[in-house]
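> Given the coordinates of chain Y, work out where chain S should sit on it, guided by the hints.
Chains Y and S supply the protein sequences, listed in that same order. In my numbering, each residue carries its 1-based index in the first sequence increased by 264. Counted from 1, the second sequence has number 69 at position 74 by my numbering; the numbering is strictly sequential.
Please note: incorrect hints may appear among the correct ones.
[Claimed, not checked] A short list of chain Y residues far from chain S (calculated; beta carbon distances all over 10 angstroms):
hint: 1; residue: 272
hint: 2; residue: 284
hint: 3; residue: 288
hint: 4; residue: 329
hint: 5; residue: 331
hint: 6; residue: 340
hint: 7; residue: 342
hint: 8; residue: 344
hint: 9; residue: 346
hint: 10; residue: 351
[To be verified] Taking lysine-lysine pairs in the DSS-like style, the calculated list, with each CA pair at most 30 angstroms apart, reads:
hint: 11; chain 1: Y; residue 1: 330; chain 2: Y; residue 2: 319
hint: 12; chain 1: Y; residue 1: 328; chain 2: S; residue 2: 51
hint: 13; chain 1: S; residue 1: 99; chain 2: Y; residue 2: 362
hint: 14; chain 1: Y; residue 1: 284; chain 2: S; residue 2: 99
hint: 15; chain 1: Y; residue 1: 305; chain 2: Y; residue 2: 330
hint: 16; chain 1: Y; residue 1: 278; chain 2: S; residue 2: 63
hint: 17; chain 1: Y; residue 1: 284; chain 2: S; residue 2: 66
hint: 18; chain 1: S; residue 1: 99; chain 2: S; residue 2: 63
hint: 19; chain 1: S; residue 1: 0; chain 2: Y; residue 2: 328
hint: 20; chain 1: Y; residue 1: 305; chain 2: S; residue 2: 66
[Unchecked claim] Chain Y stretches covered by chain S per the calculated footprint, using a threshold of three residues with CB under 8 angstroms from any CB of chain S:
hint: 21; region: 275 to 283
hint: 22; region: 300 to 309
Bear in mind the hints are in silico, worked out from the structure with no lab data behind them. For every residue, glycine included, the Cβ atom is placed at its ideal position computed from N, Cα and C.
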Amino acid sequence: GAVVSQHPSRVICKSGTSVKIECRSLDFQATTMFWYRQFPKQSLMLMATSNEGSKATYEQGVEKDKFLINHASLTLSTLTVTSAHPEDSSFYICSAPKNTGREQYFGPGTRLTVT
Amino acid sequence: DQQVKQNSPSLSVQEGRISILNCDYTNSMFDYFLWYKKYPAEGPTFLISISSIKDKNEDGRFTVFLNKSAKHLSLHIVPSQPGDSAVYFCAASAGGADGLTFGKGTHLIIQP
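In isolation and in its complexed conformation, chain Y is listed as follows (with noise of 0.2 angstroms):
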C-alpha cells in the first residue's frame, strides 16, 4: 500500500493566489522529505530538501521566497506556491526515504494549473 501520500492530488487556481500542497508519510517518521518537480515528457527535478526542524535547503535555481516550505511534524511536510504564475503549472511530487533505507518512497503527485 501507499507510504506516503499527497493532498490534493489536483489544484487549478489563478495566477496571483497561493496554493499550499501536502506530503504525510502514512506509516513512519520522515525527519527529512524532498520535492520535486515534473514539467511534461521531463525528468524530475529535485527543488529542495524538507528537513523537520530546521530550514529547508534549495536546489540552485529555486526560489525559496516563492516555494515556502514547512516541516511542521515528522510525518507532514507542506510546499506553498506563492504568487502563483502560469508557468509554475506543474506536476509536484514529494518523497521520504523509509527508516534508515536509501530508497525513497514517493507521493501521488499534485497536478498544479495556474490559469
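Chain S only, in chain Y's frame:
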C-alpha cells in the same frame, strides 16, 4: 549538464522476451542507484536498487547490473509482461540524506 542519462526515449519489446533499459551517469560521487516505474499523473514506484559496492542485484523478474568503470547501469526485466508497459526512470544518489538525480526516462512498451 545532465548527470544521469537515459538515451533511449522509448523501447518496444515483445511479451515474454527480455527488456533491457540502460542508464549512464557522469558524477563519480553517486554511490546508490535506483530504478522507478511511473505511470502518467502518478508518483514513481520503487522497483529495485543497487549500491556501488555491488555489481548485480536481483529481485524476481528484475535484475539491475552496475558497471562502475563504465559508469553504466542497466535494468533487465524477464520475462516482460504487458503490465510492465510504463516509463522507467533511472535515479542516483550521492549520499544518504540527498535527493535523487533522475534521468529523463524510457517509455517501455510491451507488445502482445
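> What hint numbers does the structure not satisfy?
12, 16, 17, 21
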